[in-house]
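Since the structure of chain H is already known, use the hints to place chain X on it.
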Amino acid sequence: MPHYPLLPCPSGSKTGRMRQLLILLLSFSYALPLLAQPDTAVLLPTAEITTSPLRANFTGSQEQRWDSTDVNRYAGYYLTDLLEREGGIFIKNYGGGSIATTSIRGGSAGHTAVTWNGLPLQSPMLGQLDFSLLPLAFVDGVNLQRGGGSAAWGSGAIGGTVGLRNTPLSYRGMEAGAQTMLGSFGFQDHQARARYRGEQWAFNTRMFHRSADNDFNYQLDSGEERQQTHADFRQQAILQEVYWQPRPDRQLAAFAWWQTSDRNIPPLTTQTRGEALQLDTFLRTALHYQQRSKHGVFNARLGWFREAIDYRDDAILLRALSHFHTLMGEVEHQWALSADLELQAGLFYNRATATADGYRGEQPEQQRAAAFASIRKEWDALRVQLSLRQERVDDNWVPIVPALGANGPITSNLSWQAKISRNYRIPTLNDLHWLPGGNPDLLPEIGWSAEGGLSWQKGAWSYTVTGFHRRIDDWIMWGLTEGQNFWSANNLTEVWSRGLEQRLSCRFTTGAWQWEGQVGYDYIRSTNEIAIQQPRIAEGEQLAYTPEHLGFARISVSKDALQFTYQHRLTSAVQTLNDTELPGYHLGFAQLQYQLSWQRFTLQAFGRADNLWDASYRIVDRRPMPGRSFQLGINLFFKHKH
Amino acid sequence: MKWTSTTILLLLCTALSYAQTTADFENFDLEPGEALNGSDGSGGFQSGNLFLPNSYNPDFNAWSGWAISASTDATTPGFMNDLSAITGSGYNSTTYAVSYASPQSVLVLQGAAAGGAVEGFYVTNGTYPYLSMLEGDGFAKKFGGESGDDPDFFLLTIKKYLGGELSTDSVNFYLADYRFEDNSQDYIVEDWTYVDLSTLGNADSLQFTMSSTDNGMFGMNTPAYFCMDDLMTTDMPVSTQRTELPAADLNVFPNPASGTWYAQWGSNQEVEARLMNISGQVLQTFRLMPGTNAIEALTLPAGIYVLQVHNANGYLTKKLFKTNF
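In the order they appear, the protein sequences are chains H and X.
Per our numbering, the first sequence starts with residue 1, numbered consecutively.
Per our numbering, the second sequence starts with residue 1001, numbered consecutively.
In isolation and in its complexed conformation, chain H is listed as follows (with noise of 0.2 Å):
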C-alpha cells in the first residue's frame, strides 16, 4: 500500500490545475504570486516533497534512508563520508577536498545515477558527479538504492542510485542557527541556516564556508615522511528553498543552489611539484510541483543548472575551461487504483548542452526525451511491480528497459526479494565529441541485472543477505584502436559484476545506555569479459580500482545528553592504472558528542577523530591521504514552534 498522508480532495477543477500545471511548465519562472491565492487557511501537511515511491522504492530490491537525524550525526561530513561508512559504497577519493567518485556493485563512476529532489545531477560532458563538491549540510535526507534503476531513473543507474532530498520543518515555527568547527591541517567549517514555516509558506536557507590548507604529512613506503603541498581548498555555498502550499493538497517548491569551490590539485608522490588549480561553480535552480489527491499524487519539475570547471596549470602553460547548460522537466502521475494495485506513468525531456576547447569551436548539444510507467500488484503474500521506460537521445531510440521485482513473506521474520531488470548508460558528450577521439557513432552501455535476497527481523535484530548478478555489454572505454595514433572512444568490451552483501543491525537498551549497531560485508568482483590491447586489459581480469571486500561496523551508544560512535572500515586491495597493486587498509573513526538544551535553544558539542588508527594508506595510486586528523565544532540554534 501507498503511505500517502491523509489529505483533504483538492477542491480545484481540473481545468483550473491543468492551466496551474501549464503556467508552471511553460514559464519556469520564480513568479509564485501569479497563482491563485486560496480562499481559505490551511494547515501544512507534514509530508515531504519527493518522488513518487514507486520510483524510490522498487518492490524487489533494498533501499537504504537516512533521514535528518542521521544526516546531522556527519554535519561538516560530505556524502561520500556518509555513504562509504554506512552505506559500503566504495569511494574512489583523491584525497581531502579532491575529487570523489563511486563504484557500487562493481560499476564505474558513471554508473551512479545521483538525483537532486528526482533531478538528475550528473554531468551530460562527464556522465558522473564529482561526490566531493556534496556537502551533507545542504540535504534533509538521503536514500540509496543498490542495483539497477534505469527504468526508474534512465541512464547512468546501473550500479546504483542515490537520492538527494530538502525538506521545509516539519512543524510550523522556525529554527535558526550556526555551527563552526575546526580541525587539523587547518580545516575550518562554517555553516548557518534560518529556518522557516508558516500557515502557507516555508523557507530554508542555508550557507556554509569550508576551507582546509590539508597540508598533512604521509609516509612512504621508506618510512620517509613527507608533507603535503599544495592542497588547499576554499567551498562556499547557498542553498534557498521556498515552499508555497495554497492548499493543503498542493505544493510548490523552488530551489537555488550556488556554489564554488577552489581547489589546488596537490602533486602525486612522484613529483616534486604541482601548480594545478581547479574552480568548480555551478548554479542549480529548480521548481516542482505536487498534488496529492485520494487517488494518487502528481510530480512535476523543472530544472535549470549551469555548471563551470576551470582548470588551470600554469606551469605547463594549460588552461581548459569548460561548461555546461541543462534545462529537465518531467511529468509523472501515480495512481493508488485500488487498495492493492497502483500505477506510475510519467514524461522526461532533458537538453544539454556543453562548452569546451575539446570541442575545437563546437557547442554539442544532446536532447533527450523518456517515457516510463510502472504498476505494482499486491496479493495476499506477494508483491509484484513492473516498470518500463523508453528514452530517445537525438536522433537514436535506447533499446527499452524493463525491471520485473517481487517479494514476500517466507515466514513471519522472513521474507524474500527478487528483481530483473535492463539498464542502460548513454555515450557522455565527451564520449561523443570530443577532438580527437570523440566518437559520434557510440552505442549506450547495456545490460541486465538480477539479484535476490532473503531479510530477516526479530525484534531489536535484523538481517538482510543479497547476491547479484550483472553484465554489461558495449562498455565505453578510450583506447588505441587499429591504425589510430591517437585516443578515442569505443565500445571495446563487456563487464560482468556479481557479488554477495550482508547486513547485520541491531538496536538495544541496557539501563539508561541504548545502544545501536551495524556490521556490512560486501564481496564483489566486476570482470572485463573480453581482453583489450591499448588500453592492456586481460580476459578475466577485475576492473582498476574496484576493491573485492568491503566491509564496515559501526557502534553507537548514548546516554541522555551524551553520544559516542565508532565506526570501522575495510578495503581490500585494487589493481591500479599504474601495473601497480595498492594494498587494502582498516580505518577507524570516533565522535563524541555532548547536548546541552535551554529554553529554546540547543547546544551541541562534539569532538571527532578521523583514520583514528593513523593509518598509512592510499585509495588513488600516488595519492597519500591523510593520517589521524581531529576536530572540534559546536553547533547552537534556536527552535520556535508556533
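Chain X regions said to be covered by chain H (calculated; three or more residues, Cβ under 8 Å):
hint: 1; stretch: 1066–1080
hint: 2; stretch: 1128–1139
hint: 3; stretch: 1143–1155
hint: 4; stretch: 1213–1222
Derived by calculation from the structure, the hints in this document are not laboratory data.
Every residue gets a Cβ at the ideal spot worked out from N, C-alpha and C, and that includes glycine.
Showing chain X alone in chain H's frame:
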C-alpha cells in the same frame, strides 16, 4: 716494396670508402623559436637523404611521426612544449628533428643512401620528457620514484628495415638510466650524444621505439619523444646505387582515397611493389602490371601510406593518403 704495398692499400681504401651525407635539418631555414609540425599537410620532411614522415590531424592540431624544430624552450614542462629539445638548440646548430615515437616512428633512406649503411646520429631528450622524468607530472612519475631508488630507465631502440624485413638486431640507447646502485650515477641525457648505428648494416629505413619502466594500463606513461640531429648516411657506390625511376611512370588516383587507389604504371614491364604504413611495416607485396592496377584501401585505417616499386633499373616511392570518407 713496402712503399708499393702501402700505395696499393691506400688506393684500395680510397676506392672502397663511400661518401657520407649528413641530414642536419638546417635546410628548413628556421629561425630560433620556430617549428614545423606538418600542419601544411606535406606528410613529411626531407633532409639530406632522409624522408621523415609526419601525420598531422588538422581537426585537433595534433602531429605524430616527425617534426622539425628550432625551439629554444628548455624550461617549460608539459605537453604544450613537445617540440623542444632540452639543449635548446640543435647539435652545434639551430635546427633539429623531434620524433613522437608512440608506438613507434620510422625514417626512410632515399636517393644515394637508399639501401645503404647508416653511420649514426646525435640524440637528446625533449624538454617535455626530460622535465617529466626529472620532476614527474600529472601522468608520469619522477624517475627514481618516491624514494629515489626505483631502477627506472627510458630506452630508445633502433632497428632497420631492409627488403621489407625488420631486423632482429637493434641498437639500444638509454635516454635516462636510474638503475645504478649509487643514485649519484643516475642520469637523464641532457646533451647531444652520438649513437653509433654502424652495426645495423645496410637499411631501407630505420624504426625507433621507446620503452620505459613507468607503464600502466594505457601504455607507457613517460612521454614518448626524442630529438635527433646530424644523422649520417653512407652513399651507396655508384655501381650499386639504386637509381630513382622516372616519377612520371607511376601515377596514383584518387589520392587521397577512401576505398580504392588506382595505380597507373607507365612502363611496359611489370614491377615489384610493396605498400607500407608510416611505421615502415610492409602491409602488402604485389606486382604492378603495365596499365591500371587497383590497390584496395577500404580496410586500411585512415592515414599516410608509402607505395614503393622497384625493379632492376631502380626504385620509386610515392605517398598515398587514405581517408574515411
